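Here is what each chain is made of, one letter per residue.
Number of protein chains: 2
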Amino acid sequence: MKPITRKEEIIRTAAKLFKDKGYSAVTMRDLATSMGIKASSLYNHINSKQDILKAIIISLAEEFTAGMKLIQSSNDSCMSKLKAIIELHVRISSENIYGMASLNNDWMHLEDQLEYYLKLRQGYEDDFLKIIENGKSNAEIKAANPEIIMFSMLTTLRSLYLWIPKKEDLNAKDLAINLSEVLIHGINK
Amino acid sequence: MKPITRKEEIIRTAAKLFKDKGYSAVTMRDLATSMGIKASSLYNHINSKQDILKAIIISLAEEFTAGMKLIQSSNDSCMSKLKAIIELHVRISSENIYGMASLNNDWMHLEDQLEYYLKLRQGYEDDFLKIIENGKSNAEIKAANPEIIMFSMLTTLRSLYLWIPKKEDLNAKDLAINLSEVLIHGINK
DNA sequence: CATACTAACTAACAAGTGTTAGTTTCAAAA
DNA sequence: TTTTGAAACTAACACTTGTTAGTTAGTATG
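If you read the sequences in order, they're chains A and B.
Here the numbering used here is used: the first sequence runs in plain steps of one and ends on residue 189.
Here the numbering used here is used: the second sequence runs in plain steps of one and ends on residue 189.
The hints are simulated quantities; they were obtained by calculation from the structure and are not laboratory data.
Predicted model only: the values in this text are computed from it and were never measured.
Wrong hints could be hidden among the right ones.
Pairs count within a copy or across copies, as identical chains cannot be separated in the list.
Here are the simulated lysine-lysine pairs, PhoX-like style, with alpha carbons at most 20 Å apart [stated by the list, open to error]:
#, residue 1, residue 2
1, LYS167, LYS130
2, LYS166, LYS119
3, LYS166, LYS130
Given these sequences and hints, build the entire structure.
Next up, the structure:
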């Protein structure tokens, strides 16, 4: 039904390899071997190694930004917004295990698109922080340092791609619920 | 007083470069330029690029393991042990901002020492998990999934190296206190 | 003075890098 | 049947990679 092109296939395979060794350590010959073809044949489908990285990272970054904008514009409580952010990360990470590795670890190897990526990321973090600060004003959230709260939540959410594959028995819904419990209510009894 | 050798200087400079671009993307010529010498001159002091990575990562991994063993053998409560783990991470990360980047992102490029590193890491996570499971048995910790608790705490702690340099106004003590509050008691009011 | 050590240098090598040009194969469309 | 297009190939390029060999200058030690 959805016609997966050869180009998409190459990008997916590249993302897998990037996850294990990082962008710089993966050669076009590695990628070609994984595809069962010669390195030069890759260039019938893609323009450059850079372009593969760009395709992986930018689409994901834009997906996160779009999700955040949607959450931000809702009228929900701060707590509901935070839960929605958790669900956003669980969903995108589940659907893009390999790509998330590049997003987290290889963004610095973007060239032309580096500035754009950094702008998206900064905007995302700004929006995230604003939600927490609002919750603090509303007295929904305790008076701890909002930046530490965001840092703690965000780093956990950014590492989901490492953890989800090891816990296949836990579906996305349950994972989001459990994470919300731990991140929001803490572990203290 | 402590005589910093040329070798140590090279390793520190390498760690800085590795933090920004990753092990694979840093060439021996990059490193040499940063040191103000030629690439071949590096080999008067170090054996190989691999050896530099090994020196950075293994010493840190062993420091974490030693710290965990100390905490584990104490008679403190589960909560105290968790706070001690947070302090351990804050301390080591503060003192090794650059090295922590390699430990987190470049461990897969270890060759001879990869197996040893993985053994240390697995042991660390096992010990961490045991502390949490004990706390659950003692009813010190709520009945959430212990693995999710560990995952959440550990990923936050592993990312400290990214965050500490941006918050120089916060000293190690205060950071550890704030983190304990957020990680253990949650953000809910 | 002679020796040894430290730390730099130049020059080079063999292997690997991303990429290009030009060609071939084969199935679908005209 | 001819044409077109997708997708592979071989061969090669210019450059970069980690590393080695051999040498030189300065400085401390015997």
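A quick look at each hint next to the structure:
no.: 1; hint: LYS167 - LYS130; in the structure: between (32 Å within a copy, 18 Å between copies)
no.: 2; hint: LYS166 - LYS119; in the structure: between (32 Å within a copy, 18 Å between copies)
no.: 3; hint: LYS166 - LYS130; in the structure: between (33 Å within a copy, 18 Å between copies)
The structure fails none of the hints (numbered hints given earlier).
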